[in-house]
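Protein chains in written order, with the working numbering: chain A, 1 to 239; chain B, 1 to 239.
The set of hints was computed from the structure by calculation and includes no laboratory data.
The structure displayed is predicted, hence computed values, not measured ones.
Glycine included, C-beta positions come from ideal geometry on N, C-alpha and C.
Take the hints with a grain of salt, since some may be wrong.
Stated by the list, open to error - Label-pair ranges, simulated between beta-carbon atoms:
1. Gly59/B / Glu131/A: 18 to 24 Å
2. Pro73/A / Thr148/B: 50 to 56 Å
3. Lys88/B / Leu205/A: 30 to 36 Å
4. Asp237/A / Lys88/B: 25 to 31 Å
5. Asn116/A / Glu131/B: 55 to 61 Å
6. Arg106/B / Arg61/A: 51 to 57 Å
Protein chains: 2
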Amino acid sequence: MSAKVRLFVDQPLGAAQPVPLTREQAHYLFGVMRLDVGAFVALFNGTDGEWQAEVAEAGKRKGILVCRTQSKPQSVPPDVWLLFAPIKKARTDFIVEKAVEMGVRRIVPVQTAFTNSERIRQDRLQAHAVEAAEQCGATFVPEVGDLTKLDRLLTNWDSTRQIAFCDESLVGETGRLPDAPGPWAILIGPEGGFSEAERTRLRALDHATPISLGPRILRADTAAVAALTLWQTTLGDWA
Amino acid sequence: MSAKVRLFVDQPLGAAQPVPLTREQAHYLFGVMRLDVGAFVALFNGTDGEWQAEVAEAGKRKGILVCRTQSKPQSVPPDVWLLFAPIKKARTDFIVEKAVEMGVRRIVPVQTAFTNSERIRQDRLQAHAVEAAEQCGATFVPEVGDLTKLDRLLTNWDSTRQIAFCDESLVGETGRLPDAPGPWAILIGPEGGFSEAERTRLRALDHATPISLGPRILRADTAAVAALTLWQTTLGDWA
């Protein structure tokens, strides 16, 4: 009865709850995956945990599942955000995927002085986050924000949320993540680093701390995983 | 005089040392990158650090550079190996790239019971490691070993090198990396985890320790970066 297919649905889940499928979901389950009435699918919606649901009606363009048993309680990652400067499409997708696996509450693409990307497809990145959650067994899907200018982000920042920023220029320095609980955000600089003005502004903030990721230069996607590992181990749920 | 192109060469480097180029290197520097006599290129060979070398002769299929100044001393990462079960091509390439950035001495693809990949192109992975080093500014290129069966690897293992193994089945457990200096290897299990027999064998080894990478299931490439972050912070050169 353990389902092989895992699907995010934008529907309430609970005991005996019927879940109507969208056209795309019905096509995927019954057309692509060839499931039929009586088959089981694992469902999650980001708030009600994971449920094993049975196919009750299977049509070409529609279908209904019925929740049978809860297979995972809802879990929410610790309160850390990932802020990153978008890079090439494949690596941006990768960062979103890694953030979901590593466990973050929110993902915010940030436009810095040296960010090449002028715009992103927020809806595409959000869909990518959903897909990553489907694949890694998470019950939570972080929201992906719109591309925000770093200056504006810092101006409107709630200073109770601390920022750990990682910057190429810190290679070899010994910035450690402080063992200070509370909400955090990890900010990964663009390839090429922050501008001098950005670095000065970040360093002047009481609620921002530079952290070092060792003596070698890391790509942005590697830096995201490494910084989140440090955070999860020091302050998050890997402790 | 800071070179924009960075190239691995299989030649000795040192003050005033002439460096003959291969046909492919000449094509890349003079055909693709359009460099000419007098231009500078950063060279490294894995043992002599990084040198700024000047183009002395530039031909279609050949050329000579001359080393002028050393721009980085040779650095060698701490003594940690990455052992991993190859997965899909793109992700295998990715793991090799990440291992180079994170700093390992050696990369060994391992065939486990649940490894789908029957073979790998060792030469292609080695070339990928060179390329990753060129891009991340490293002066060292880890050797990529041949695909080795896990059973044989463990039978011939030098037990003075400890093994930290990461396994999906440890999700939620609290295996910590011991603060024990000396040579180490990180072993990343395949997607689907180790077989029961493999897990039993690993757990029975005095020199092997299971480590946990948090409560969420990580893909193999994410796990490699996360485990190396823990190792570099605890025992390596991030301390």
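Now the hints, each set against the structure:
{"no.": "1", "hint": "Gly59/B / Glu131/A: 18 to 24 Å", "in the structure": "violated, 50 Å"}
{"no.": "2", "hint": "Pro73/A / Thr148/B: 50 to 56 Å", "in the structure": "violated, 41 Å"}
{"no.": "3", "hint": "Lys88/B / Leu205/A: 30 to 36 Å", "in the structure": "violated, 42 Å"}
{"no.": "4", "hint": "Asp237/A / Lys88/B: 25 to 31 Å", "in the structure": "holds, 29 Å"}
{"no.": "5", "hint": "Asn116/A / Glu131/B: 55 to 61 Å", "in the structure": "violated, 21 Å"}
{"no.": "6", "hint": "Arg106/B / Arg61/A: 51 to 57 Å", "in the structure": "holds, 54 Å"}
Consistency note: the structure conflicts with the earlier hints numbered 1, 2, 3, 5.
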